[in-house]
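**Student:** Residue strings, one per chain:
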Amino acid sequence: MKEKSPLNLYKHLPQTNCGKCGFQTCMAFAAALIDRSKRVEECTPLAEEKKYAKKYETLKAIVAPEIRLVYVGTGEKEQKVGGEDVMYRHQMTFFNKPPFAYDVTDTMEEAALVERVKKISTWKKFYIGKWERVEMIAVRSTSGDPAKFAACVKKVMETTDYPMILCSFDPKVLRAGLEVAAKTRPLVYAANKDNWQEVAKLVHEFNVPVVLSVPFDLDGLKSMALTFEQMGIHDLILDFGTAPNGKKLQESLHNLLKLRRAALEEGQKDIAYPTIALPINAWFTTKDPVRAAYWESVLTATFVIRGASIMIKHCIEPHCVMPDMHLRYNIYTDPRRPVQVKPGIYKVGNPTEESPVFVTTNFALTYYTVESDVASNNIDAYIMSINTDGIGVQASVAGGQLNPQKIVEAFKEADFDFTKMKYPSIVLPGMAAKFSGELEDLFGGKVKILVGPEDSGRIVEWMKSYWPPK
Amino acid sequence: KFQVGIDETWKYPIQEVTLGATKADGGSRGHTIKIGGEKALPFFYDAPMPHRPVVTMDVFDMPIGMAKAVKMHYEDVINDPGEWAKKAVTKFGADLVTIHLISTDPLLKDTPPREAAKTVEEVLQAVDVPICIGGSGNPDKDPEVLKAAAEVAQGERALIASANLNMDWEKIGRACVDNGHVCLAWTQLEINSQKELNRKLMKVAGVPRESIVMDPTTAALAYGLDFAYTNMERIRLGALKGDEELTFPMSSGTTNAWGVREAWMVRSPNKEDSDWGDRMLRGPIWEIITGFSLAMAGVDIFMMMHPLAVAYLQEITQTLMG
Ligand code: B12
Ligand code: SF4
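Protein chains in written order, with our numbering: chain A, 128 to 597; chain B, 973 to 1294.
Derived from the structure by calculation, the hints contain no laboratory data.
Don't take every hint at face value.
No more than 25 Å apart at the CA atoms, straight line, and that leaves these computed lysine-lysine pairs for DSS-like [as the list claims (entries may be wrong)]:
hint: 1; chain 1: B; residue 1: LYS973; chain 2: A; residue 2: LYS374
hint: 2; chain 1: A; residue 1: LYS591; chain 2: B; residue 2: LYS1243
hint: 3; chain 1: B; residue 1: LYS1243; chain 2: A; residue 2: LYS257
hint: 4; chain 1: A; residue 1: LYS375; chain 2: A; residue 2: LYS414
hint: 5; chain 1: A; residue 1: LYS375; chain 2: B; residue 2: LYS1011
hint: 6; chain 1: B; residue 1: LYS1243; chain 2: A; residue 2: LYS131
hint: 7; chain 1: A; residue 1: LYS182; chain 2: A; residue 2: LYS131
hint: 8; chain 1: A; residue 1: LYS474; chain 2: B; residue 2: LYS1011
hint: 9; chain 1: B; residue 1: LYS1213; chain 2: A; residue 2: LYS129
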């Protein structure tokens, strides 16, 4: 959406201030449309009443993201691909993390195939209060045999409900895969200069999104996109070509930048589609698995940072997935608001009067790190999350948002009754050690202040020596 | 036909800064290194990158705690900064080395400034690449330490790390001017503080434009990289658009990556996480991705530790330059 003024959106709203969207005025709702925190459909009168039909359509067109949003997969595991509005994250935020699709091939032994699919679809890591996962399976036809491909796709579907990318340039192979999987809305990879007519027919028939692969040729890519668009096929993803190394790698990045700039800064609608990158290509350049894995991560970083919308990858080992997953998370974090939790007292497990009371801040990264360190080690405890405006422990000790007065007040506000506790005490983060004396004084000596380890990952070991307090 | 323009608002180049001085310029380095000079965001097609981002490898003047994956590469030189520096350059391909005078910290050995400065001479003799000189991070003592170090390295155009708003930055700035060095201006993730410090270094301490590099702070992958990345990208975009208080090359303390638990912990403290695998493989890639992301945001010089991380950072940035 290029529109920056709420007033211009307000024009297309019912202007009744009915409040059904959760705002008191249509103007406030219009502002929420601008920063994309609300969707047009959430103004139910506009979406449902016939008399507004025209306004509804106009408004939807205005607020549509600059880069087309393409849906892959169905149900809970459906993936949003593209749908971005800005070139640099600080201009607003990036919205839809590029799904990572990990490859399997139709020449794998069945047992190995099932094991790999399970490994991909069960991979998870706890980060900032949520489980982070990878999203998709890319099924590659290396056999060239339609029957084999269909069987492989079927096996994948029996093993997981993760959405798929069906990879082959042979329309017969693709057809075999689509006959099995079309209802799960897989992404087809890909139409190219040789097969595009047949692939166009296929994706039209099965109504699935498709990648247009015209590597290192933006003119060709654009004209193919125009052709598909004219045939009424709109869910397109562009493969600009991912070179794994050499001078061509620079060209790959330049082509991605050109496509994004054309779409986001120059408003060129006929090229404003999501893009696909193939970090997996790193594996075709070397036999050394560590080198291939590291290089795949480096390629992933290049294209995540500059906004490619979906990726095909290979290495599912922790030293590959962890950095790539975190980088993607960091780049797609909304820079407009620090991620916070509600301040106050939280229970972890089933705390009793013999349990410890941990103090931390309300910065989500900090709070959830501490909570998960405590919970996953089966420690029953209270955690007091102090309102530091969403700043972590170390930074808020330095900046003064975490201080003894605030801690005392927070416990007062929560009506926390230390006299009921067997060991009336609180555990401070190691990084806040410097004000433990002052804090003890403020509590009038009624609450013992213990200084915990600097890293909450060490709380378990710390408790072995210091809990219960002597 | 597909057509697209370049960014017309990027009109102002980043200041080019030379590190090191050869005999001809009053120093003793074998060659000099230029950083900065960009006219566009890194690796964009708008304008070629004039120089590959460079790596300066950390050397400490006393043994310090390091992650296992890092330590194994330095065990044989940990008590000898000169040999350490040599190994970094000849074996690991460091473009520069940084000698960190951490033993001057009153809480560590409290080494007097004059004595600490001798280690700088040792390093200058051991290698002929340009060098950086770091203090201990103690804001009260660093100005004295860095002044003494700047004096023994007179004429070498070392990068002096660093001046900060909460210390006597003026003393450090002047020591750079008087002895012909480059001043590293360090602030914590805040664009306006960075402008303020750069301005003060120029206007009050008299540091010339071509002798300033900025360190806007590196927060590592998964531990605030989102802040560090965006802060640097905004600084660089602001500079290209003509904000004269920001048109300087940037430096990153990439070694911070080793503070992240994912880089060094044996296994996840969270029992339900998928297996974290071999930490010897996780650590280097954590340093690579932390550094490389910031290379994409505009960093010109990286302070790093793991040999593999250094090699990959050099290779990918060179490749993306074409
Ligand atoms: C991101 C960051 C910021 C962000 C903060 C974003 C946010 N929402 O918190 C911003 C940009 C705002 C920022 C600002 C500042 N920062 Co800052 N920042 C960082 C950085 C890079 C990462 C901090 C982080 O997120 N860590 C991760 C979280 C999870 O850590 P944590 O909250 O401390 O929690 C851990 C432990 O404390 C412990 N723990 C937590 N709770 C509990 C509870 C118990 C019971 C126990 C036992 C343990 C425990 O376990 C957790 C996991 O390890 C660090 C440098 C670094 N690489 O570490 C500097 C750093 C913390 N910042 C620093 C400074 C000085 C500042 C500023 C004062 C700079 C300035 N002059 O303006 C400001 C202050 C801002 C303010 N308070 O208003 C210094 C602090 C120096 C010191 N030791 O005192 C650091 C170390 C950088 C440095 N070397 O100079 N910063
Ligand atoms: S629901 Fe629609 S009409 Fe009602 S206040 Fe919100 S924007 Fe206005």
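**Student:** Indicate, hint by hint, whether the structure satisfies it.
**Tutor:** The hints, checked one at a time:
For the given pair, B:LYS973 sits about 23 Å from A:LYS374 by alpha-carbon distance, which is consistent with the 25 Å threshold. Of the supplied pair hints, the one linking A:LYS591 and B:LYS1243 holds, its CA atoms being roughly 18 Å apart against a limit of 25 Å. With a C-alpha separation of about 14 Å, the suggested pairing of B:LYS1243 with A:LYS257 holds against the 25 Å cut-off. Pair hint A:LYS375 plus A:LYS414 holds up; C-alpha atoms about 21 Å apart against a cutoff of 25 Å.
As the CA atoms of A:LYS375 and B:LYS1011 are separated by approximately 22 Å, the hinted pair is consistent with the 25 Å bound. The suggested pairing of B:LYS1243 with A:LYS131 is violated, with an alpha-carbon distance near 46 Å, which exceeds 25 Å. For the hint pairing A:LYS182 with A:LYS131, the CA-to-CA distance comes to about 18 Å; that is within 25 Å, so the pair holds. Among the hinted pairs, A:LYS474 with B:LYS1011 is inconsistent with the structure: their alpha-carbon atoms are about 54 Å apart, more than 25 Å.
Distance check on the hinted pair: B:LYS1213 and A:LYS129 sit about 22 Å apart at the alpha-carbon level, within 25 Å; holds.
Consistency note: the structure conflicts with the earlier hints numbered 6, 8.
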